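K.L.:
Here is what each chain is made of, one letter per residue.
There are 2 protein chains.
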Amino acid sequence: MSELALAAFAAETGSHVVRAPRERAFRVFARRFDEAAYLAGLREAGVGWIARSAPEFPPLLHAIHDPPAGLFVRGEAGLDLLRRATVAVVGARSCSSYGAQVARMLGRELAGAGLVVVSGLARGIDGEAHRGVLEAGGATLAVLGCGIDRDYPAAHRELAARIRATGLTVSEYAPGVEPAPWRFPARNRIIAGLSAVAIVVEARDRSGALITADFALEEGREVFAVPGEITSDLSSGTNDLLKLGASPLTASADVLDVFGLVGAEAEPVELGSSAETVLARLRDGPASADELARLTGLDAGTLASALTELELAGCAVAGGGVYRANSIAT
Amino acid sequence: MSELALAAFAAETGSHVVRAPRERAFRVFARRFDEAAYLAGLREAGVGWIARSAPEFPPLLHAIHDPPAGLFVRGEAGLDLLRRATVAVVGARSCSSYGAQVARMLGRELAGAGLVVVSGLARGIDGEAHRGVLEAGGATLAVLGCGIDRDYPAAHRELAARIRATGLTVSEYAPGVEPAPWRFPARNRIIAGLSAVAIVVEARDRSGALITADFALEEGREVFAVPGEITSDLSSGTNDLLKLGASPLTASADVLDVFGLVGAEAEPVELGSSAETVLARLRDGPASADELARLTGLDAGTLASALTELELAGCAVAGGGVYRANSIAT
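Keeping their order, the protein sequence lines are chains A and B.
Be aware that the first sequence starts at 1448, since it is given in our numbering, and climbs by one per residue.
Be aware that the second sequence starts at 1448, since it is given in our numbering, and climbs by one per residue.
Calculated from the structure, these hints are not laboratory results.
Hints should not be assumed to be uniformly reliable.
The list cannot tell twin chains apart, which means a pair is met if one copy fits it or any two copies do.
Stated by the list, open to error - Quick list of in silico lysine to aspartate or glutamate cross-link-like pairs, EDC-like style, CA-CA up to 16 Å: (1) Lys1690 with Asp1704; (2) Lys1690 with Glu1669; (3) Lys1690 with Asp1527; (4) Lys1690 with Asp1746; (5) Lys1690 with Asp1652; (6) Lys1690 with Asp1701; (7) Lys1690 with Asp1481; (8) Lys1690 with Glu1714; (9) Lys1690 with Asp1596; (10) Lys1690 with Asp1737; (11) Lys1690 with Glu1717; (12) Lys1690 with Glu1470.
These numbers come from a predicted model, not from an experiment.
Okay, chain A solo, but in the shape it has when bound (with noise of 0.2 Å):
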């Protein structure tokens, strides 16, 4: 019996499906199933197949007590991607400029490090994510709660093409299976599985993002939370975390120090003055533009061009009608 018929039989079936069940559809299933049909089947499809047994099969997630039967993967890169230094970054799919921003800036250093990040595809910190990596020309490695076939969800069609390009999709589930709500905590798994790290960035209560950090936990492996504002619900997880004893996250250092590794120097960014002025006041914390004004007494036009100008330079980013430093570089 072939841990790629277990693959296969759950699909059919929609059913999750670790190990060969014990009942008589299976058996029969199994008897009859033609694996080199079905594995040429995927070759056309362009899809590959890592059986757990196989020996490119990643050695965290095979340490898991449930690793899946095996990955289904898609894309340009070298099956050895899913045997690097992985580091899974999540969070809510409805997430702040706040995380937004931090998530972004951690996949474009972690990667920039030499570390593949690792996440599950959503909207939210998990896609932006993704895009720091390819911003740093890093490749990444999301993983889908749906079959391997499927972009899911579909507006994030065009990000999977572009991860696809230098990296992987990876799925425990055969080519077309459809989304479910009860297979994310199942693909969460899986993120956390292979990572030796995993970062939750923001997270409501009972945010998807803390079944990953109780997998993570679970399976002896780093988590890191990223504090926020106790008046944001969106950091009222990770917060929590924090009090559950996982590690602040402050800057990208803090997980390469788990690595051994050291982060590219920050260039030193020449600033003009109006822009140095602004920059001095966002480094207290997030301001609207009215507040900036007001603050350093700039007019509308040379402020504008400072906050233009600190954007630009990578040191200021804009959200929720709010600008903050960005300062968290290595």
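Position chain B relative to chain A; hints supplied.
P.N.:
Positioned in the frame of chain A, the structure of chain B alone reads:
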């Protein structure tokens, strides 16, 4: 030799003295010191004195490794205020609107639950914590880093008078002692020493509030830090405290738990539908009025009155051109 002579000698010589110095100058001073006359002078100035050896001296402060010779006190509260369960709320002088909001809420809610809040009368977090207590009709303790007859900073003269109307200002420094930078760390040890729990709301790296936290940790007191955005320098000290093992504070209930107290139930607030809509957005994080208009689709007039309604109901706070939900109520 009386402890009061130590304090008077320290004032006369501009030094910091907690034990009898071996120098001849002190022996001469102590021999000539007229304690009864000095006490009469204090009484006339409305200043009380609690020697370290007196039964009224706060036991937690007595337990630190270098308790002051005694405390000078001013204010209408009875001296038993110094023996009640005490929490220090400290932080940056140039705090952000986020820090100010949290400090004031903590002052209000901790005092409302019957705890004595102690702080340093400084600008920023200290002042907001004291003001929060006064809003709740509570009594607060302000520890000065100068002579008990001074109100420092001058901008807080009125606040100091309001504190004394129901609470106390205290100092180890006798009347006439000028504020000096080196006295503030010494003052911070008293804030920490008086308190079973110390809370740092906002702090930059190398902030004075971190000195208070260090004293508290050294003396085995519980230290809380309020998480904040990793892109804000004003939260870098507090987030680093979390890394060092301080407990994350996300609600005043976290502190009340330490004392086995339960906070007052928040009274249910009836809000109009526009105010509810705006509050739902604010719960996801800080936003400017412009952004709120965009997100809610409310016209400027409706939005303005919804924001006013939320502020009056205590559900939202404005600061830095940004509105935040007031969601740390216990």
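K.L.:
State whether the alpha carbon distance between Lys1690 and Glu1470 is at most 16 Å within one copy, between copies, both, or neither.
P.N.:
neither (44 Å within a copy, 51 Å between copies)
K.L.:
For the identical chains here, do Lys1690 and Asp1704 meet the 16 Å Cα criterion within one copy, between copies, both, or neither?
P.N.:
Answer is between: at 14 Å across copies they meet the 16 Å cutoff, but 22 Å inside does not.
K.L.:
Regarding Lys1690 and Asp1596, is the shortest C-alpha distance of 16 Å or less found within a copy, between copies, in both, or in neither?
P.N.:
Neither. Shortest intra-copy (39 Å) and inter-copy (42 Å) distances fail the 16 Å Cα cut-off.
K.L.:
Regarding Lys1690 and Glu1669, is the shortest C-alpha distance of 16 Å or less found within a copy, between copies, in both, or in neither?
P.N.:
both (15 Å within a copy, 14 Å between copies)
K.L.:
If the cutoff is 16 Å on CA atoms, where do Lys1690 and Asp1701 land: within, between, both or neither? Let me know, please.
P.N.:
between (18 Å within a copy, 10 Å between copies)
K.L.:
Under a CA distance limit of 16 Å, which applies to Lys1690 and Asp1527: within one copy, between copies, both, or neither?
P.N.:
Classified as neither: same-chain Cα gap 36 Å, cross-chain 34 Å, threshold 16 Å.
K.L.:
Up to 16 Å between alpha-carbons, please classify Lys1690 paired with Asp1481: within, between, both or neither.
P.N.:
The answer is neither: 51 Å in one copy and 55 Å across copies each exceed 16 Å.
K.L.:
Have a look at Lys1690 and Glu1714 and pick one of within, between, both or neither, based on CA distance no larger than 16 Å.
P.N.:
neither (35 Å within a copy, 27 Å between copies)
K.L.:
Could you figure out if Lys1690 and Asp1737 sit no more than 16 Å apart (CA to CA) within one copy, between two copies, both or neither?
P.N.:
So Lys1690 and Asp1737 fail the 16 Å test inside a copy (36 Å) and across (34 Å) alike.
K.L.:
Cα distance capped at 16 Å. Does Lys1690 pair with Asp1746 within a copy, between copies, both, or neither?
P.N.:
Neither, since 44 Å and 40 Å both go past 16 Å.
K.L.:
Checking an output row: Lys1690 and Glu1717, CA cutoff 16 Å. Within, between, both or neither?
P.N.:
neither (40 Å within a copy, 32 Å between copies)
K.L.:
How do Lys1690 and Asp1652 come out at 16 Å by Cα distance, when the copy is not named: within, between, both, or neither?
P.N.:
within (13 Å within a copy, 22 Å between copies)
Of the hints listed earlier, those the structure fails to meet are numbers 3, 4, 7, 8, 9, 10, 11 and 12, in rising order.
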